[in-house]
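These protein sequence lines map, in sequence, to chains A and B. Residue numbering for the first sequence follows the working numbering, beginning at 1071 and increasing consecutively. Residue numbering for the second sequence follows the working numbering, beginning at 88 and increasing consecutively.
These are computed hints drawn from the structure, not numbers from a lab. Errors might be hidden in some of the hints.
As the list claims (entries may be wrong) - Residues from chain B shown here face chain A by an in silico Cβ test under 10 angstroms; the list is partial:
id : residue
1  : LEU122
2  : LEU126
3  : ILE144
4  : GLN149
5  : ASN152
6  : VAL154
7  : SER162
8  : LEU193
Unchecked claim - Here are the simulated distance ranges between beta carbons:
id : chain 1 : residue 1 : chain 2 : residue 2 : range
9  : B       : ASP182    : A       : TRP1146   : 29 to 39 angstroms
10 : B       : ALA327    : A       : GLY1342   : 44 to 54 angstroms
11 : B       : ASN137    : A       : TRP1311   : 33 to 43 angstroms
12 : B       : ALA327    : A       : ALA1226   : 40 to 50 angstroms
13 : B       : GLU115    : A       : PRO1086   : 43 to 53 angstroms
Just so you know, even glycine gets a beta-carbon here, dropped at the ideal spot from N, CA and C.
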Amino acid sequence: MARSAPSDTERRGGGPPPTRDLAALRARATLIRRHIVEMLAESRSGHPGGSLSAVELVTALYFGGYLRYDPENAKWSERDRFVLSKGHGVPVQYAAMAEAGMLPVEELRTLRKIDSRLQGHPVLGATPGIEASTGSLGQGLSIGLGMALAARMDGADWNVFVLLGDGECQEGQVWEAAMAAGHQRPANLIAMVDYNKFQLDGAIADIIDLTPLAAKWEAMGWQTREIDGHDLGEVLEALDWAMAADGPACIVAHTVKGKGVSFMEGDNAYHGVAPTEKELAAALGELEVLEQAEASIEREGAEAGEAGR
Amino acid sequence: MNGIYPGFTLGKATRDAYGEALRDLGREHADIVVLDADLAKSTKSAVFENEFPDRFINVGIQEANMVGMAGGMASAGKVPFISSFACFVILKGFDQLRMAVSYPRLNVKVAGSHGGISSGEDGASQQAVEDVALACSLPHFTVCVPCDEHQMRAAVRAAYDHDGPVYIRSGRPKAPLVYERTPENFRFGRATRLREGSDLTIIANGLLTAAALVSAAELEKEGVSVRVVDMPTIKPLDEAEVEAAARETGRIVVAEEHLLHGGLGACVAQAVCRLHPAPMEFVGLDDTYAESGDPELLMRKYGLTHAEVTAAARRLLAGREAEAGAGAAR
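Kindly produce the complete structure, drawing on both the sequences and the hints.
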């Protein structure tokens, strides 16, 4: 059986305490989005669309208490492993790691620059907290499966989370790994698919349609659930469900590419094009408003709670 | 196959020695795990599986997934030995070897069996002739082609002791015994001078090491003094031994069961050019695939026997005589 999410007292290091407070998680998600657009504008290259679509999934992992890590010791042997198989989305992971205290926030500005620890795609060994080198799509689930089976062989108590892109589910290796996991049935392996419906050259439905995607995972022997990948309540609930599953579990998260920045949402031109300075200002303006709105939601929630008592 | 290795005793196939050595090593080290892609009975990783079923995973016919899984297991502290036919694990798993093993420099040991054309009757689709070049092109990889069962046992042990990715090629047919027992001084990157000589050096590995020794004996009858160097490790190359051969014997023949492009010959030539330029000749597959057939007949047809090694040596020696003749004329 997979473990449930660890309690506060089980956690190590000086990272932010896990929370299930949706307003707090939304605020964190907005901060992560701000980091993403800022770092991409600074690097003048990178992939905004697929970074922004995965923000809630990654926020829930790092701040909802699902991923156990020690910001002071990235190599803590009992940590959970997070493999970002859609490596081009790594700005979302760097941003979350910075928010979690695993990287200095100011280091985000070095993304993709010479001598930086923040490589354009994840590199094991280059950046503390990165668990696998990815960027050649389709490979992360195999790596995560190997990790999960190694943990099971050792009777170790850590879990493996793998975040895949939807486009990369066109790669044959994904289904090799899915089939192998369906046979081996590691309960400590959770896959999440960021199903934002677009790939570099256009709409997935036009290039190689994946539907029915959840049914494909089920056919490979995975327990599967489909959610709105931007509804943090649904994300938390799905992760709770996946943690309790007795075999490999897959969360197919329907998302919007470029989510959170109005002019990027659903516009595939921002798959691999960084925002200009002007676009950055506009994006930060929107994310500022959202942040304030979420802060007020949090206050309103607190007031409503008080009124109810 | 001792028809093309006169004077030699045939030992076990190097793939058999691989399986046995892996099982023996498994008794000593609990962190070894073994993965195979539905060829365990052929690669002989089944010998390990029989004794350690809990540390063996047959991933099915999924070479790419197997390589990725091995990377994940290595990052979690295991020492995975993964095997398939050389052509499948290296060629089908190449991008995975790059991303999940070589780039992150993970401690994965890759064993490719049925290397070269001597796997025989199955035909060219099952014969790896590009594997050494591809493996050598991967940064951080150690690449080794043992010549007989004894050297294979030493190489498997060395692979475990080495912290980093290793590729070991094994073969299907019984291999002529070059060594009498497991060499105790085996180290990656260290060649073995099997025979001393001063007129030219033959550098070889795999089945061609025995062929080189046969050739050296033939040439000796003609009054030619031939050094023979067994060079199991292509990467890192024993450059000191290559330089010594160039300096002290002046001519080098390289022989291998692989394409001429990117194999042992190409690597030795690069070292010779840099360290001490000398005339060279090469025995290997010249831009071709082979076919089905009896292994010995294939080795003859595609020019991978002592006869071709001797012919290559004679071409180099003819060059020497031509130079000497030109010198006398002046």
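Verification of the supplied hints:
1. LEU122: LEU122(B) check passes; min Cβ-Cβ to chain A is 9 angstroms, inside 10 angstroms.
2. LEU126: It is violated, given that the least Cβ distance between LEU126(B) and chain A is near 16 angstroms, above 10 angstroms.
3. ILE144: 7 angstroms, holds
4. GLN149: Constraint on GLN149(B) satisfied, holds at 4 angstroms.
5. ASN152: Check passed: Cβ of ASN152(B) comes within 4 angstroms of chain A, closer than 10 angstroms.
6. VAL154: 8 angstroms, holds
7. SER162: OK, holds: SER162(B) within 10 angstroms of chain A, min 7 angstroms.
8. LEU193: 8 angstroms, holds
9. ASP182(B) - TRP1146(A): 29 to 39 angstroms: Check passed, 30 angstroms falls within 29 to 39 angstroms.
10. ALA327(B) - GLY1342(A): 44 to 54 angstroms: At 48 angstroms between Cβs, range holds.
11. ASN137(B) - TRP1311(A): 33 to 43 angstroms: 40 angstroms Cβ-Cβ, so the 33 to 43 angstroms window holds.
12. ALA327(B) - ALA1226(A): 40 to 50 angstroms: Holds, at about 44 angstroms.
13. GLU115(B) - PRO1086(A): 43 to 53 angstroms: This hint holds: roughly 45 angstroms between Cβ atoms.
Violated hints amount to a single one, hint 2; each of the other numbered hints is respected by the structure.
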